[in-house]
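So the sequences go chain by chain: A and B. Everything in the first sequence is counted per this note's numbering, starting at 1 for the first residue and increasing by one. Everything in the second sequence is counted per this note's numbering, starting at 1001 for the first residue and increasing by one.
One thing to keep in mind: the hints can contain errors.
Taking lysine-lysine and the DSS-like style, the derived pairs with C-alpha atoms no more than 30 angstroms apart in a straight line are [claimed, not checked]:
| # | chain 1 | residue 1 | chain 2 | residue 2 |
| --- | --- | --- | --- | --- |
| 1 | A | 78 | B | 1157 |
| 2 | B | 1157 | B | 1204 |
| 3 | B | 1157 | B | 1026 |
| 4 | B | 1026 | B | 1039 |
| 5 | A | 78 | B | 1039 |
| 6 | B | 1157 | B | 1039 |
Some chain A residues judged to face chain B by a derived CB distance under 10 angstroms, without partners named [to be verified]:
| # | residue |
| --- | --- |
| 7 | 62 |
| 8 | 81 |
| 9 | 83 |
| 10 | 95 |
| 11 | 103 |
| 12 | 162 |
| 13 | 181 |
| 14 | 183 |
| 15 | 202 |
Cβ-Cβ distance ranges computed for the label pairs, FRET-style [stated by the list, open to error]:
| # | chain 1 | residue 1 | chain 2 | residue 2 | range |
| --- | --- | --- | --- | --- | --- |
| 16 | B | 1124 | A | 109 | 51 to 61 angstroms |
| 17 | A | 192 | B | 1187 | 48 to 58 angstroms |
| 18 | A | 94 | B | 1022 | 26 to 36 angstroms |
Calculated from the structure, these hints are not laboratory results. Please read all numbers here as calculations on a predicted model, not as lab measurements. Ideal placement from N, C-alpha and C gives every residue a C-beta, glycine not left out.
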Amino acid sequence: MAFNTTRRAMLAGSGAAVALTQAPGAHAQSTGAGGGTPPSSMPVSFTVNGTAAELELDTRVTLLDALREHLELTGTKKGCDHGQCGACTVMVNGTRINSCLSLAVQHQGDEITTIEGLGTPEDLHPMQAAFVKHDGYQCGYCTPGQICSAVATLAEIRAGIPSHVQGDITAAPVFNAAELRERMSGNICRCGAYSNIVEAITEVANSDLGAA
Amino acid sequence: MRPFTYQRVATAAEAAAAVAGNPAAKFLAGGTNLLDLMKLEIERPAHLVDVQDIEGLNAIEQTGDGGLRIGALVSNTALAADERVRRDYGVLTRAIVAGASGQLRNKATTAGNLLQRTRCPYFYDPNLPCNKRNPGSGCAALEGYSRQLAVIGTSDKCIATYPGDMAIALRVLDATVETVQPDGTERTIPFGEFHRLPGDAPEKDNVLAHGELITAVTLPRPIGGEHVYHKVRDRASYAFALVSVAAVIQPDGTGRVAFGGVAHKPWRVEAAEAAMPQGAAAVTAQVFADARPTEHNAFKLPLATRALAGVLAEAKG
Ligand SMILES: Cc1cc2nc3c(=O)[nH]c(=O)nc-3n(C[C@H](O)[C@H](O)[C@H](O)COP(=O)(O)OP(=O)(O)OC[C@H]3O[C@@H](n4cnc5c(N)ncnc54)[C@H](O)[C@@H]3O)c2cc1C
Ligand code: SF4
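Using the sequences plus the hints, can you model the full thing?
The following block contains the structure:
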């Protein structure tokens, strides 16, 4: 009796599942059964890595897709597209967020920093250099998100943001491996390069924060 | 994702009116739960009212009676990091930093966090019946895999849990939720009355009317004591609670306790708190007296007792 699924519900349900597997382009055309709202687009402008961007976007475009598909900044990666893996991590006004769970139109006037804005192949950011030195990856897909997240994590420790593993929640946080693992837990590495990632970030932290 | 129109508003009254006037409209705060559900077409708003620009909702202020008023737009990170919260309401900081990830907490807002929807796996699967997603379609969890689901306060329509952490601490702190209703008037909702039990209408998670905007959460003056939040989950970080315990324990062994991961709302039975000095089992015997677990989630009952025992031991130091 719990499964009083009607044929109509099943058909509607599998329709939704099919829609999920369609390409993003096909999505833009789906208005949904029953003739819903037509697609709507809007102007949005923000700064990416110091350069002004002015776009006209479907309201559904995420910050992640705006960066990758419209600005061709493909360094930021799409992993799960649901905020669970951290591959899409970028910094907005200096704070790290999951760019997949944010609409581009929410970011009018914001300053966005992606992996491309941290450093260049000729002039690597210290965190990029440390990941190379310590081999903090295997396939490299999660790496841009890991690096953006790592840079922001050190800034969060400096700013005194508390964490789950802190003993005394009223004290200033310190840098250590346990803190790092907790604070970086929003970035999943499918290859399991975690120990090298910890080493890379630790090296930067030691020179940056002057912590042991 | 279904198409939608998007609007930004400058005042709370404007926001409430914009959503109230359109049955298919929703508020958008951080977007970390709503956009996730819109991608799956579980939520299908035709219009979004983005509240991020509303004046005065992004501050944490002292109230006249020595408490704190937390604006609806204050991020989870900012709230957890606030010196006054860390000093006087430590259980709240502890609960927030036990949830989600650093990235998500930076974007998640106080109001959005309270309104996050259940993580019942069948709610997320549009191929299966779910009374919360599609009222009247049935509940796939009743005869499905219910390990994560509720053990108390359930109905034969829904056995989902409220998944969040922050709200468990707010319940133990006797917070209140302040709103602006569609007609512009304000109301104050005691935290224990904010989230609903599923009953016959599991699609309604809480008592807010359509178009009613949360403006703040208010904490009464500090009550001292040891503040502890224990979250038991399948991995050490970045997972929802199987069982969580928020507690404030006084030096004489009296105190308050609320449980997460066990019901459709933060679960607190004030009458049971008199048993606190007798130890965890005496408390949970009363808190979970009416429990109706499934064979998959009966483990949550002894787990709740042990988690509370751990909290009491930690509070003693
Ligand atoms: C991978 C992942 C892991 C997570 N893990 C945890 C966890 O362990 N613990 C935990 O507690 N949470 C967890 N979360 C949930 C997270 O905390 C919520 O997504 C977040 O708090 C929602 O806040 P938001 O501002 O982004 O809300 P939004 O997504 O913007 O909004 C959520 C809902 O609130 C409504 N709303 C927003 N603001 C208002 C307002 N002012 N008045 C009225 N209605 C409003 C919206 O219409 C919407 O229905 C996790 C999320 C993800 C994606
Ligand atoms: S328990 Fe509730 S949310 Fe889960 S399938 Fe049943 S009705 Fe849906």
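Verification of the hints:
1. 78(A) - 1157(B): violated (37 angstroms)
2. 1157(B) - 1204(B): holds (12 angstroms)
3. 1157(B) - 1026(B): holds (25 angstroms)
4. 1026(B) - 1039(B): Given pair residue 1026(B), residue 1039(B) holds - Cα atoms ~15 angstroms apart, limit 30 angstroms.
5. 78(A) - 1039(B): holds (14 angstroms)
6. 1157(B) - 1039(B): Satisfied, since the Cα-Cα distance of roughly 26 angstroms is no more than 30 angstroms.
7. 62: This interface hint holds because 7 angstroms falls under the 10 angstroms limit.
8. 81: This hint holds: residue 81(A) lies near chain B, its Cβ roughly 7 angstroms from the closest one there, short of 10 angstroms.
9. 83: holds (6 angstroms)
10. 95: Hint holds; residue 95(A) Cβ to chain B Cβ min 5 angstroms, cut 10 angstroms.
11. 103: Because about 6 angstroms separates residue 103(A) from the closest Cβ in chain B, which is inside the 10 angstroms limit, the hint holds.
12. 162: holds (6 angstroms)
13. 181: Hint on residue 181(A): holds, closest Cβ of chain B at ~7 angstroms, below 10 angstroms.
14. 183: holds (6 angstroms)
15. 202: At 17 angstroms from the nearest chain B Cβ, residue 202(A) fails the 10 angstroms test, so the hint is violated.
16. 1124(B) - 109(A): 51 to 61 angstroms: Distance hint for residue 1124(B), residue 109(A) is violated at roughly 34 angstroms.
17. 192(A) - 1187(B): 48 to 58 angstroms: At roughly 51 angstroms between Cβ atoms, residue 1187(B) and residue 192(A) fall inside 48 to 58 angstroms, so the hint holds.
18. 94(A) - 1022(B): 26 to 36 angstroms: holds (35 angstroms)
This entry does not satisfy hints 1, 15 and 16, going by the numbered hints stated previously.
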